[in-house]
Amino acid sequence: MKPLIGLTTGITASRYYTISHYITAIMESGGIPLLLPSVDVNGEGNIILASHMLSRIDGVLFTGGGDIDPLFYGEHRMASLSRVYRKRDGFELALAKVAVKEGLPVLGICRGCQVLNVMGGGTLKQHVDSHWQELPEERAVHCIKIEKGTKLFDIMKEEEVMVNSFHRQAIKELAFGFIISAYADDGIVEGIESTKHKFIIGVQFHPEYLFQENLAVKRLFSSFIHACKGIL
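In this text, residue positions in the sequence shown follow the numbering used here: the first is 1, and each later residue adds one.
Treat the hints loosely; a few may be bogus.
Unchecked claim - Pairs of lysine to any residue residues, derived as SDA-like cross-links and limited to a Cα-Cα distance of at most 25 Å, are as follows: (1) Lys196 <-> Glu173; (2) Lys145 <-> Phe199; (3) Lys172 <-> Glu160; (4) Lys101 <-> Gly230; (5) Lys196 <-> Ala175; (6) Lys145 <-> Lys196; (7) Lys218 <-> Phe199; (8) Lys172 <-> Leu71; (9) Lys157 <-> Thr24; (10) Lys198 <-> Glu102; (11) Lys101 <-> Val39.
To be clear, the hints were calculated from the coordinates, so they are not data collected in a lab.
These numbers were taken from a predicted model, which means no experiment stands behind them.
Construct all of the structure, not just a fragment, from the sequences and the given hints.
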């Protein structure tokens, strides 16, 4: 049976949404995507809602999106910070907390990688200037170095991978229980993973846009789906 994969969603005043590339990558890797609306019901209500959602699925993909409000990691907002959506932040942090507690396979992409870090007590650089490319999303523009001995290296099987870049925040202090699995040439963290779980991995780039052409990226999605099936 194909595993059911929950995907977090963006939010506007009137809709919840995601990018079709996530859905394509999940389906072509053998999963069934299910959108999880960012319905923030505050505090303990978020934990209860997240628990109900996650009891019905096999894994979670935390998608990309806007900046995370520094309120959630104990800092004041810089003037350069782009618009934030606290409802999405609050719900996704609760969702991540429950997913990690339950040991569900998790793949965090861009913002999703940052959500995992903040959930675990880490912090973010509120603004970086050099990691938002002007070229199309499908174009890889810089190299990341993957650390040997990490799950990410075992999956992607390459020490260096060309990736795209669309983020204005970056990991600063690393969450407890995580290690850094990849770096950019300028030292920006490009991958993290839990040391306590079989598959909780975050990447700072957008592999969904590179899925059709990049074998290492295909292996990442395939390994995620296998983990959601209980095959590692």
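We went through each hint and held it up to the structure:
{"no.": "1", "hint": "Lys196 <-> Glu173", "verdict": "holds (18 Å)"}
{"no.": "2", "hint": "Lys145 <-> Phe199", "verdict": "holds (20 Å)"}
{"no.": "3", "hint": "Lys172 <-> Glu160", "verdict": "holds (22 Å)"}
{"no.": "4", "hint": "Lys101 <-> Gly230", "verdict": "holds (17 Å)"}
{"no.": "5", "hint": "Lys196 <-> Ala175", "verdict": "holds (12 Å)"}
{"no.": "6", "hint": "Lys145 <-> Lys196", "verdict": "holds (23 Å)"}
{"no.": "7", "hint": "Lys218 <-> Phe199", "verdict": "holds (16 Å)"}
{"no.": "8", "hint": "Lys172 <-> Leu71", "verdict": "holds (15 Å)"}
{"no.": "9", "hint": "Lys157 <-> Thr24", "verdict": "holds (23 Å)"}
{"no.": "10", "hint": "Lys198 <-> Glu102", "verdict": "holds (12 Å)"}
{"no.": "11", "hint": "Lys101 <-> Val39", "verdict": "holds (20 Å)"}
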